[in-house]
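Undergrad: Each chain is listed here by its residues.
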Amino acid sequence: MNLSNGKGDRIFGVVVVLVAVAYGVAALQFKQGFIVDPVGPKTFPLIVAGVSVVCGLMLIVKPDPDPEFPPLRTVGTLLMAMLTLVAYAYAIKPLGFLIPTAIAAAILSYQIDPRAKFAVAAGLGLSGGLYVLFKFVLGLGLLGVPKGWF
Amino acid sequence: MDILSNLALGFSIALTPWTLMLAIIGCFIGTIVGALPGLGPSNGVALLIPITFSMGLDATAALVLLTSVYYGAMYGGRISSILLNIPGDEPAMMTTLDGYPMAKQGRAGDALVISGVASFVGALFATIMLALVAPILARVAYLFGPAEYFALYLLAFSTLGGIASKNQAKAALASAIGLGIAMIGIDNNNVTRFTGGNLHLNDGIDFLVAIVGLFAVSEVFVFIESHGRGSALGVKLDKVTVPWREIWSTRWTMLRSSILGFIAGVLPGAGASLGSFLTYMMEKSIGGSKAGFGTGVAKGVAAPEAGNNAAAGGALVPMLTLGVPGSGTTAVLLAVLMTLNITPGPTLFANRPEVVWGLIASLLIANFVLLFMNVPLVKIFVKVLTVPPALLLPGVMMVSFVGIYSLTGSYYDMLLMIAFGVMGWIFRKLDIPTVPIILGILLGNAMENSLRQAMTLSAGDASFLFSSGISIGLWVAAVTGFVAPLFLRRIIKKPTVPEMEVPDHAKPID
Numbered sequence: 000m001n002l003s004n005g006k007g008d009r010i011f012g013v014v015v016v017l018v019a020v021a022y023g024v025a026a027l028q029f030k031q032g033f034i035v036d037p038v039g040p041k042t043f044p045l046i047v048a049g050v051s052v053v054c055g056l057m058l059i060v061k062p063d064p065d066p067e068f069p070p071l072r073t074v075g076t077l078l079m080a081m082l083t084l085v086a087y088a089y090a091i092k093p094l095g096f097l098i099p100t101a102i103a104a105a106i107l108s109y110q111i112d113p114r115a116k117f118a119v120a121a122g123l124g125l126s127g128g129l130y131v132l133f134k135f136v137l138g139l140g141l142l143g144v145p146k147g148w149f
Numbered sequence: 000m001d002i003l004s005n006l007a008l009g010f011s012i013a014l015t016p017w018t019l020m021l022a023i024i025g026c027f028i029g030t031i032v033g034a035l036p037g038l039g040p041s042n043g044v045a046l047l048i049p050i051t052f053s054m055g056l057d058a059t060a061a062l063v064l065l066t067s068v069y070y071g072a073m074y075g076g077r078i079s080s081i082l083l084n085i086p087g088d089e090p091a092m093m094t095t096l097d098g099y100p101m102a103k104q105g106r107a108g109d110a111l112v113i114s115g116v117a118s119f120v121g122a123l124f125a126t127i128m129l130a131l132v133a134p135i136l137a138r139v140a141y142l143f144g145p146a147e148y149f150a151l152y153l154l155a156f157s158t159l160g161g162i163a164s165k166n167q168a169k170a171a172l173a174s175a176i177g178l179g180i181a182m183i184g185i186d187n188n189n190v191t192r193f194t195g196g197n198l199h200l201n202d203g204i205d206f207l208v209a210i211v212g213l214f215a216v217s218e219v220f221v222f223i224e225s226h227g228r229g230s231a232l233g234v235k236l237d238k239v240t241v242p243w244r245e246i247w248s249t250r251w252t253m254l255r256s257s258i259l260g261f262i263a264g265v266l267p268g269a270g271a272s273l274g275s276f277l278t279y280m281m282e283k284s285i286g287g288s289k290a291g292f293g294t295g296v297a298k299g300v301a302a303p304e305a306g307n308n309a310a311a312g313g314a315l316v317p318m319l320t321l322g323v324p325g326s327g328t329t330a331v332l333l334a335v336l337m338t339l340n341i342t343p344g345p346t347l348f349a350n351r352p353e354v355v356w357g358l359i360a361s362l363l364i365a366n367f368v369l370l371f372m373n374v375p376l377v378k379i380f381v382k383v384l385t386v387p388p389a390l391l392l393p394g395v396m397m398v399s400f401v402g403i404y405s406l407t408g409s410y411y412d413m414l415l416m417i418a419f420g421v422m423g424w425i426f427r428k429l430d431i432p433t434v435p436i437i438l439g440i441l442l443g444n445a446m447e448n449s450l451r452q453a454m455t456l457s458a459g460d461a462s463f464l465f466s467s468g469i470s471i472g473l474w475v476a477a478v479t480g481f482v483a484p485l486f487l488r489r490i491i492k493k494p495t496v497p498e499m500e501v502p503d504h505a506k507p508i509d
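Chains as they are written, first to last, in numbering that gives the first Met the number 0: chain E, 0 to 149; chain F, 0 to 509.
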């Protein structure tokens with residue numbers, strides 16, 4: 000068995016099996032609800048866990064050839080994009096729509112095409128343009144800037 | 000005539016200025032979404048759902064808007080296929096085969112017009128058939144009990160996974176993951192499952208969050224990885240004239256392809272991509288080697304476009320009558336219905352005729368609007384192709400966030416959406432289909448409940464699941480649908496689609 004090709008599928012298969020077993024074990028703890036039915040709350044999740052374990056094992060035994068994994072630098076960029084979005088999710092409520100959107104959009108734009116001036120313009124344009132669109136054209140209840148600024 | 004009075008009811012709704020305006024806006028947005036590589040019908044519609052609901056549109060209005068986007072995207076997909084050799088969405092893949100050679104010969108305008116008319120013929124045929132077939136199928140659905148529904152859901156998973164994916168294990172796994180996610184939350188018997196004590200999860204995971212994450216957010220990650228490669232700028236299209244004679248010469252091609260495409264669309268799991276593939280292959284074998292398919296002939300753009308638009312209409316049939324979507328985009332449309340608290344199926348036709356017939360009438364109107372937009376006004380949409388990805392994709396991301404944020408108002412759902420986006424990116428790397436995951440999240444609870452009801456009816460006797468002719472037929476079809484592609488794949492090789500010229504991000508889910 001050639002272990003070097005198909006690493007991606009094999010690792011994923013192992014993860015699937017572990018998660019599915021944990022899922023099944025969790026399902027075994029469920030107690031019947033108020034109305035007792037023959038299937039109960041655990042049968043269907045157990046079937047799902049069983050199917051997943053079989054599929055996970057299939058991936059380990061017979062993986063597809065590996066896709067082209069991105070180089071480490073690209074993985075870094077993607078992590079950066081993800082963190083930007085997480086920060087954005089936390090910021091949009093307290094800081095309003097305009098400022099976080101401009102920053103997040105500019106970062107993403109720069110990551111797709113590293114042209115700084117364009118990215119800044121894209122960030123500002125998207126932030127302002129989408130705000131007008133959502134707030135005034137579509138009538139969504141968005142807060143533009145933090146409360147108490149104006 | 001029953002159907003005429005129903006259609007009259009439909010048109011009385013569809014022709015109100017408000018509904019008409021929504022249909023036109025939907026067609027416009029849809030064509031743009033379809034034309035842009037990287038945004039296809041499913042992620043385009045997914046992106047718009049939360050915003051539509053935040054605007055507080057009623058059921059008919061929301062459905063008209065979003066299905067117009069769906070139809071529009073099916074029309075628009077051909078534009079970048081022809082001009083850039085990059086399919087705007089997966090069903091438009093086959094259109095590149097003859098469309099791009101035509102454009103290289105300086106006949107881009109002709110190719111756009113012919114394929115636009117073919118799209119119109121296919122979509123119009125499918126919409127008329129939808130009006131004729133759907134009420135009949137809805138009546139058949141009255142015969143379905145919980146055991147039959149359980150088998151039907153199984154059929155949907157097995158064919159969607161079996162036909163659409165290259166690896167059965169991965170397709171089945173994707174379905175199981177979706178079903179597993181659907182179990183999270185409080186079940187209908189008041190048992191809390193898989194929440195880990197997190198109150199946010201008691202209501203389960205909102206399928207809209209999953210859909211937007213898997214379809215739209217992951218797309219942005221794919222673009223960041225590829226740095227927007229493969230999206231060309233500076234497309235030129237000179238003048239657009241209507242080649243009447245050439246259109247007339249493809250009339251039988253369009254008609255045949257519409258019929259075959261519609262059938263492919265109605266079958267669960269097949270969807271528009273298969274429709275365009277089958278119709279192209281059919282016309283190619285009818286025409287023989289003399290017809291010159293692949294070198295830029297009119298029939299080569301007419302067949303796949305009539306086929307995929309007919310399939311798009313056909314895919315609405317099982318979605319509306321049985322609540323079982325046949326493709327990624329109809330799965331997204333099912334999410335629309337579920338959010339609107341509309342249960343698809345026979346009761347929808349009986350109790351909410353204004354929704355069904357208003358929708359069908361709107362689609363008929365939308366087709367004429369789309370023909371107008373996609374033939375005389377096609378130049379506007381060609382301009383859209385010059386929008387750089389570095390502006391477009393951040394825009395998509397921000398729209399996803401605003402949609403989910405204004406719908407749920409919670410940072411937790413936005414974090415979940417990012418998680419689904421990352422998951423979608425990893426799964427696309429590993430070639431695990433994401434559509435079955437969505438289908439699993441959407442249908443998981445209904446599937447479990449039908450199993451529980453069936454077993455309650457039979458007092459726990461599992462043979463009840465196979466006790467009627469319909470359910471046995473569905474089980475056989477489900478097993479065949481899952482196993483047959485294993486053998487067929489060896490016999491039928493995929494056509495030689497220009498693999499190298501299709502970047503990853505131009506292959507969104509059908």
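Hints listed in this document are in silico derivations from the structure and should not be mistaken for laboratory results. On a predicted model such as this, the values are computed, not experimentally measured, just so you know. We treat Cβ as the ideally placed atom computed from N, Cα and C, and that holds for glycine. One thing to keep in mind: the hints can contain errors.
[To be verified] Taking lysine-lysine and the DSSO-like style, the derived pairs with C-alpha atoms no more than 27 Å apart in a straight line are: (1) F:K428 with E:K61; (2) F:K382 with E:K6; (3) E:K6 with F:K428; (4) F:K103 with F:K382; (5) E:K134 with E:K146; (6) E:K41 with E:K30; (7) E:K116 with F:K283; (8) E:K61 with F:K382; (9) F:K428 with F:K165.
[What the hints assert, rightly or not] Here are a few chain E residues that sit away from chain F, every Cβ distance over 10 Å (derived from the structure): (10) L17; (11) L84; (12) V85; (13) G143; (14) G147; (15) W148.
Undergrad: Is it the case that E:G147 keeps its Cβ farther than 10 Å from each residue Cβ in chain F?
TA: Nearest chain F Cβ is 20 Å from E:G147, so the label holds.
Undergrad: So if I understand the rule, the pair passes when the alpha-carbon distance is 27 Å or less; does E:K116 with F:K283 pass?
TA: violated, 49 Å
Undergrad: Under the criterion that the straight-line Cα-Cα distance not exceed 27 Å, is the pair E:K41, E:K30 satisfied?
TA: holds, 8 Å
Undergrad: For E:V85, is the shortest CB-to-CB distance to chain F above 10 Å, so the non-interface label stands?
TA: Contrary to the label, E:V85 does not stay out of reach of chain F, its closest Cβ about 6 Å off (not over 10 Å).
Undergrad: Need the status of pair F:K382, E:K6: alpha-carbon distance at most 27 Å?
TA: Violated, at about 43 Å.
Undergrad: Verify the proposed pairing of F:K428 with F:K165, using a straight-line Cα cut of 27 Å.
TA: holds, 14 Å
Undergrad: Is the nearest Cβ of chain F still more than 10 Å from the Cβ of E:W148?
TA: holds, 20 Å
Undergrad: Do the alpha carbons of E:K6 and F:K428 lie within 27 Å of each other, as the hint requires?
TA: holds, 13 Å
Undergrad: Is E:L17 truly not at the interface, in the sense that its beta carbon sits beyond 10 Å from all beta carbons of chain F?
TA: holds, 14 Å
Undergrad: Minimum Cβ separation between E:G143 and chain F greater than 10 Å?
TA: Its Cβ never comes within 10 Å of chain F, the nearest being 12 Å, so this holds.
Undergrad: Decide if the proposed pair is consistent with the structure: F:K428 and E:K61, CA atoms, cutoff 27 Å inclusive.
TA: Given pair F:K428, E:K61 holds - Cα atoms ~17 Å apart, limit 27 Å.
Undergrad: Beyond 10 Å from every chain F Cβ: check whether that's true for E:L84.
TA: The assertion about E:L84 is violated, with a minimum of 5 Å to chain F.
Violation of the numbered hints given earlier is confined to hints 2, 7, 8, 11, 12; the remaining hints are satisfied by the structure.
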